Amino acid sequence: MTSFVFRRLLGVIPTLLVIVTLSFFLMRLAPGGPFDTQRRLPPEIQRNIAAAYDLNKPLYQQYFIYLDRLVHFDLGPSYRTKDFTVSELIAEGLPVSARLGLGAMAIALVFGISLGTLAALRQNSAADYSVMSFAMLGITIPSFVTAPVLMLVFGVWGVKFLGHDISLPVGGWNNGAVANLVLPIAVLALPETAIVARLVRGSMVEVLRSNYIRTARAKGLPEHLIVLRHALPPALLPLVSYLGPAFATLLTGSLVVERIFAIPGVGRYFIEGAINRDYTLVLGVVIFYATFIILLNLVADLLYAALDPRVRYR
Amino acid sequence: MTGGASADTALDRAFDVPGRSLWADARRRLVGNKAAVIGMAVLACVTLTAILAPLLSPYPYDATDYGLISCAPDWWPGSGAMCRAGGEHWFGTDAVGRDLFVRVLYGARVSLAVGLVASLVSLILGVGYGALAGFVGPRLDELMMRFVDVLYSLPYIFLVIVLMVIFNRNFYLMFVAIGAVEWLTMARIVRGETLSIRQKEFIEAARAAGVGPFSTILRHIVPNVVSPVVVYVTLTVPNVILAESFLSFLGLGIQEPLTSWGVLISQGADQMESAPWLLMFPTLFMAATLFSFNFIGDGLRDALDPKDR
Amino acid sequence: MAHTSERDRLSPAPLFQVRGLDVRFATPDGEIHAVRNAWLDVKESECLGIVGESGSGKSQLFLASIGLLAANGRAAGSVRIRGEEILGAPERVLNRLRGSKIGMVFQDPLTSLTPHMMIGTQLVEALRTHQHVSETEARRRSIELLELVRIPDSRRRMRQYPHELSGGMRQRAMIAMAVLCAPDILIADEPTTALDVTVQAQLFEILRDLKRELKTSIILISHDMSIIAGLADRVAIMRDGCVVETGPTDGIYYRPQHPYTKSLLQAVPRIDREPGARKPRAVSAPPILEVKDLEVGFPVSPDSYPFSRRKSLRAVDGVSFEVSEGETLGIVGESGCGKSTLARAVSQLLPARGGCIVWRGQDLARIGNNDIRKLRNEIQIVFQDPLASLDPRRTVGQSIAEPLFSLARGLSHSEIEGRVRETMARVGLEPAWINRYPHEFSGGQNQRVGIARAIIVRPRLLICDEAVSALDVSIQAQVIDLILSLQSELRIALIFISHDLSVVRRVADRVLVLYLGRVVESGDADAIYRDPRHPYTRALLDAVPVPDPDAERARPRALLNGDLPSALDTRASLAFLKSRMIDDSDAQQYRPRLLKVAPGHFVAEFDGMSEPLAGSQATCAVA
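Chains A, B and C are the protein sequences, given in the same order. My numbering numbers the first residue of the first sequence as 1 and each following residue consecutively. My numbering numbers the first residue of the second sequence as 1 and each following residue consecutively. My numbering numbers the first residue of the third sequence as 1 and each following residue consecutively.
Rather than coming from a laboratory, the hints here were simulated on the basis of the structure. Since this is a predicted model, take the numbers as computed values, not measurements. It is possible that part of the hints are untrue.
Some chain A residues near chain B, calculated using beta-carbon distances under 10 Å [unchecked claim]: (1) 18; (2) 23; (3) 109; (4) 139; (5) 140; (6) 142; (7) 149; (8) 152; (9) 251; (10) 255; (11) 285.
Every residue, glycine too, gets a C-beta built ideally from N, C-alpha and C.
Bound conformation, chain A alone (with noise of 0.2 Å):
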């Protein structure tokens, strides 16, 4: 078991170097520079700058130098919040990015998962045709459609609830106040909980129809130890193989609800960064969350490992 996690260790480095190396080429392909825009400076003040920022040295010369900043944990300077490094900035944002995401990843697996398993429990019934229904309309509707009209209902027109008047704010951040993240985090885990209903649907199905689910009746178990314990962990294997994918689709969903929400987290960061071409905001945090999503394959190969014994020995 512990030479499974270091060979998967090992193999976390060669990945993160080619995504650092395609993101700075890229970067840099970019025609224009990111002082173009604003209004011609003096030739010297010019020079002044490209030197304080590395950018006079040959292209190679540059890489290397990011690379060694890289490894200590400097994603270097903002070129455009001139006060602010990346690093600065990224860890401003991301406790809310963070708060966020994590929430809405929990409401995702743990409504995705019951609905799911529910679904395919009663196959075919009215109950497994409406988890259906709604997680295919929980994946075609965009979030920026679901965001506006959610904001209507619940911000602008308030609804009533048994008895009680509910009014959420439409945005904002307000230090992180629940109201505030109840909406935002709705929008983010809505497509996500589809995906994760109909993922293990699917292979609940699948393990319900095998040959030791078979055998678990033919002991005599009662259904609910038999899906708790028998069905469960295998149907949740494929779960776990997406869990790199899906948090991929939370961090894209987040762009937009980071906007339309006027939250200050690292996707608006990164918008921001990528209009006005900041080389080294964009770079940082396209490398943030690729870091973080290759960390995540990891757990997640690691709690498949886990869930299924046939893959420890190998």
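Knowing the structure of chain A, use the given hints to seat chains B and C on it.
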């Protein structure tokens, strides 16, 4: 065999029992799947109206009319304070007075085109790469798949955004970039299928019968790999359309004066309170189309690889 | 449609009673009537054997009885256990019975055990669901039972996962799990079909012991009449969902009444019967195929380090034999002996690593591409799985014609079609079916298609790689007849590979016995079957059951214990010559020589062998 024998053969042929191929079986199952059939019908309608767009409305899609800003269609329910568009503005007008109906149809053209072309790009990339990986020896295959694993870790949309920014929202690049988002999964699927087919006994039998490698690929491997590929392409199109709409929402996709459903929806979301029809119609069309593709894809999957549902 | 050979006296409240059971399945292709109006009784401590071919409904009958039918199945009728009606009972009641009063063992132990749970956990769970015992007590009883079914080192096994056990051990664990609560009835559905014959023999002893010690009634379901003969007290024969005949074992086997029963008994290949009138053998015809010291290997990585040292699995490790025109060579062995690999190496589908194959005087290692094509004209192969060896997207006509397209260039389309129809008729298929697809045919018909495809180019050597193993007994007999008649008509040399020694007895002139890639005995079929010398051959022959109840009951205990060893361990091949074994699993081991014990009869060296005659088999003339 002499000429007399071929006359007998012709006679034999008259009594031959027709066979029921797997494709015929699949077709039968697909036609019996109500959701898929409805999906196909809806898709056909949308495509048809998109193609016939100029004939269906007297208004050009970019003709502004500042006298009819954000006006509801005549049949829209509601109190009198709202502005009514009148004329043949079936869906009302948008913030600069353009007819929404024709814009939705032109948006359909663009979105469908992007969907199909980008899916084609991902198909070609994915099938090419996946088939190659399935054919070369195990070492090279492992290398190729590790590369795919690496790329899988990239938050792809981010790269697409970067690309769109770098190359200044180039229209054609968008097709390629969006297509490049989906090819990874296609490559994995094709490689998996190719590997599994190659191990089947009838491939060995073909070798024993003296069939050369190229003929084996053409005659035996391709027809058996086609099914999962077709299913996946059908399910890729809605993802691509969503990706395009996402980019357009961020302002990085389709640019004026062209329009797509994504652009229309983003414009409609801005005006949601005052002119809800601007959001409603493009959303409805896009949702219906995406549903259709999904139903058809699911139907194809069940038809081509049936397990008792 | 019950046809009983004698009125079964119903003793008061038989333990298990089925009356008028009817099972139907609703499928998209129409309704399937799996079981029709079945009547059965099982008494206390009795073993009832259920014999039926595929589609007879034998499994569905019992699955329906204990409520394990698939969702699209409907059962009607009555099933009583100790007088209590259980058909259609609520899940609560069924769960109380299943596992505690009725135990069930299924066919494929690998997929029938939960892969992510330890064996011990699954056993303990079976016990604690029905009885109030502590965890420790449950574990203790589980270990006891694992020992009862002869699983060595049972304490360690409790903590292992199903995929870490061999096939035979898994099945034994399943049996242990099923009898843990001392049920009244044990239903065993084809328990040994997936296992090797020596392992099967051990398993049957275990079942016999269980019946004797625990007094459990056993319902033994199988397609193989020979297996049932030794264990069953009474037998029921099923066909197309009906019970066509039931009665005491002796009555069924020695005095069958129903025509179907008679035809089944007739069709079963028997190892104890002489094959009957055989064609006179060509007197010392020169061999057309000579194989000498053939070696075929696969690199395998025992673990998946990317650049780990790859061990080589010696699938075929120095095999030599000859075949003459018109002669049939039978190659027998259990799983892992390399017989399929051998077949593929001879037909040039796999590369050989060493040794030589000489076909009609030409060394196959040196042939060019053009000659390969000529070779494929002359050597053809019939595969085991009829459905898997045919491309499902092509008609049978296209599949049969395929060799002609590649190998017999210059034939027109109508000529090819004519040949296909002709060949179809020859193998017993209607030429009018030329446009049908494999999934529209039965297993037997598909195998005829495979044979047609192989003989359409008029080969000189036909290799049948387990060609009849996947077929029902009655179909098997017909296909064997077909192959034999084709052989004599076309003067084909035949290499018949099978794990089923009874079948090989029927067809072979000479026999080669393989063990872990090596020949342990070779010679005339009569010599080998009547006077086997090598201990492995003797154990193999002893383990084969015959459809003769008296013979089966008098059978001595099995000679071999345990499962087949792993081929990666080089010590395994010296299991019978331990005196020469080096105790290191990777070392290059001594290779036992083939020694002559009688004219044409060769035996590999083994401990305790008597003095051989002079002369051993020729080795490859390395050029």
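The hint names residue 152 of chain A as touching chain B; please verify it with the least Cβ-Cβ distance against 10 Å.
6 Å, holds
Quick one, is the residue 255 of chain A hint okay against chain B at 10 Å, beta carbons?
Residue 255 of chain A check passes; min Cβ-Cβ to chain B is 7 Å, inside 10 Å.
Grab the minimum C-beta distance from residue 142 of chain A to chain B and call the hint holds if it beats 10 Å, violated otherwise.
OK, holds: residue 142 of chain A within 10 Å of chain B, min 6 Å.
Verify the interface restraint on residue 109 of chain A: the C-beta must sit less than 10 Å from at least one C-beta of chain B.
Violated - the Cβ of residue 109 of chain A stays beyond 10 Å from chain B, reaching only about 20 Å at its closest.
Is the shortest C-beta separation between residue 140 of chain A and chain B less than 10 Å?
4 Å, holds
Residue 285 of chain A as an interface hint toward chain B, with CB separation required under 10 Å:
Cβ of residue 285 of chain A sits 7 Å from chain B, so the hint holds.
Quick check on residue 251 of chain A please, does its C-beta sit within 10 Å of some C-beta on chain B?
It holds, given that the least Cβ distance between residue 251 of chain A and chain B is near 5 Å, below 10 Å.
Less than 10 Å between beta-carbons is the criterion; does residue 18 of chain A satisfy it with respect to chain B?
5 Å, holds
When the least beta-carbon distance from residue 149 of chain A to chain B is tested against 10 Å, hint result:
7 Å, holds
Residue 23 of chain A as an interface hint toward chain B, with CB separation required under 10 Å
8 Å, holds
Is the interface hint satisfied for residue 139 of chain A? The criterion is a beta-carbon contact with chain B at less than 10 Å.
Since the shortest Cβ distance to chain B is 7 Å, the answer is holds.
The structure does not agree with numbered hint 3 stated previously, though it agrees with all others.
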